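Undergrad: For this one, chain A is given, so just place chain B on it according to the hints.
2 protein chains.
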Amino acid sequence: MSSSNPIHGSPTSSRVHTSIPETSSAIDRSLPEFPAANPIDEDNYFKTHKPPNYLSSISKDVADFINFHHLSKRKIVLVTSGGTTVPLENNTVRFIDNFSAGTRGATSAEYFLESNYAVIFLHREFSLLPYSRHYSHTTNCFLDYMIEKDGKVQVNDSYQKEMLLVLKKHKFIHENNLLLKIPFTTVHQYLFTLKLIAQELSVIGSNALFYLAAAVSDFFLPSSRIPEHKIQSQETVGGKLVVDLEPVPKFLSRLVDSWAPISMIVSFKLETDNEILIKKARGALKRYNHQLVIGNLLQSRKIEVVFVTNDSEKWIKLSSDQINNNIDIESLIIPEVIKQHSLLIEEKKKLGL
Amino acid sequence: MSSSNPIHGSPTSSRVHTSIPETSSAIDRSLPEFPAANPIDEDNYFKTHKPPNYLSSISKDVADFINFHHLSKRKIVLVTSGGTTVPLENNTVRFIDNFSAGTRGATSAEYFLESNYAVIFLHREFSLLPYSRHYSHTTNCFLDYMIEKDGKVQVNDSYQKEMLLVLKKHKFIHENNLLLKIPFTTVHQYLFTLKLIAQELSVIGSNALFYLAAAVSDFFLPSSRIPEHKIQSQETVGGKLVVDLEPVPKFLSRLVDSWAPISMIVSFKLETDNEILIKKARGALKRYNHQLVIGNLLQSRKIEVVFVTNDSEKWIKLSSDQINNNIDIESLIIPEVIKQHSLLIEEKKKLGL
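Order-wise, the sequence lines are chains A and B. Numbers given in the working numbering equal positions in the first sequence, counted from 1, plus 30. Numbers given in the working numbering equal positions in the second sequence, counted from 1, plus 30.
So that you can see chain A by itself, here it is in the shape it has in the complex:
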């Protein structure tokens, strides 16, 4: 399925786009890399923060979904998508956010579904979703695809073919309970929900795949500091606002070691500088000891990515023909990920896992 081009969009969409970050300043290299979280960090974080109050309802949905697909031996992928927010102290109207529309996650989920995976889609609320992303209300206003004919709303003939394809897939996925959508907004909600889903998915062992495409905040404001040390952590000095944030514990290592130890875990590394991309990706592999980092550059992420493992790196690129035909790079990424997942399942089987 070809992607809709958000730059052109539908007839009534704006020509000007304001939200794309400049490559030259998009990633701050003055910030240090933080160490991986250890069991004590985990205890601290999950003990000192209150779980979201809706978590038990999600827990049941996830358990039902996993059970349903486990019975039919279907593999399950958790796709995370979109950016997490960090509410500023005592002020949830204002928050720190990460640039991400959720395109990578939503598109990847579609290709996993087409390859017979069941998908748990842990996404930023109001970010792009599988299938409906093709008719997002802002880049492609769906009303522009419709006409009035004989007093009825009808789909313009020239869009029928593509829309029918999308609709069929959308209906099939929902009728067969293949997609479970779970929203998050804050990094706090994300971490609690990720841990919950990971622990529930651990029951299917190597048949679970983690595909972590969400843009997770680096910094947060510990809830312990909100009531007690208000003045220290947020000061207004001469009209200025000073916000003092702590690094988010790097829980990927906990996912690998403890929450879902025999599942395959894929993370993403977004950079702007080609020179350091591989090094950064390998650094993440070393720190967290998982299977695969998919490296990508902000400026070329829709046309090429690099698969980095401990002993290999493999570029996956769209050909110019594919670019001209609006082929999604995810249509190349997902089969490659699935191939590696199948190899890992075979390995674990040999080990009796």
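Since no wrong hints were added, every one of them can be taken at face value.
No copy labels: a pair is met if it fits in one copy or bridges any two.
Keeping only pairs whose Cα atoms sit at most 25 Å apart, straight-line, the calculated DSS-like set for lysine-lysine is:
no., residue 1, residue 2
1, K198, K179
2, K369, K344
3, K191, K201
4, K182, K201
5, K211, K201
6, K179, K191
7, K182, K198
No lab work stands behind these hints: they were computed from the structure. All figures in this text were calculated on a predicted structure; none of them were measured in a lab.
TA: Frame of chain A; chain B shown alone:
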């Protein structure tokens, strides 16, 4: 037109919602009120910051739009909608954002259009838009309204009536060039674009109405500080991130005094505490010397608002019948605003303006 209820949404939408701020902590009262901007602030801001590079193309679109409607003596309203962002220093992937889906602005724009105003819709890119908001890809997935019949995509009969109404209005508005959509993302883009549009609108004098529903950031990072004083303004101390922000100049007074001095200006005041709402609204009127503040509470903003002028306050509330029938509060707000705009036009006419 009744509003779609985002809590229920379409059959495949999630039951859980994660992005609604808690009323008890949504607005930080420890922050001081900043004084209105004076001409020197204005000079400083617009001299020390580079205008967005697309501004000249917008300038032409706005001028054409104003000219087109001025010839037919149509009144024009500028509706601002959605939240502005503040990119963190040297890092546009991370930014401070304000909670706002753009519902108030998008819905209000529809009712202005139905009252024969032309609308310049200055909105956060990817926030809700007039008409298409009814079928947003996330709360009401439009694919859920469609069925496959005789090998074609068709609109489900039970949704035909409402969708036809929306489609007719959408087509009419675009065929008659009644809606000009201009996006922003950062507070910087917002301020430059607001100034530009205000100055262009000043040529139609009192026939212009400013309806400022956007959630504008209180703080920003001056661009002057980005290259020179990196260490001072963003420090990582022991892994912590310290962000040091300046208050955004309060340009509403410049809009009133200098950019569009004889137009009607309506601003919004969002609070969480009913006790201080009127006082805060009147404080804004005093500071900026404009005509009308519409006060609203985070927890009840969809069912009641209060019109505050220097010598009056008037609550506008949906009846329980109207609430049950999903009537938009904006269907009551806009006629009231228009009434006051007409009175102001009469007044200005008597003064020969």
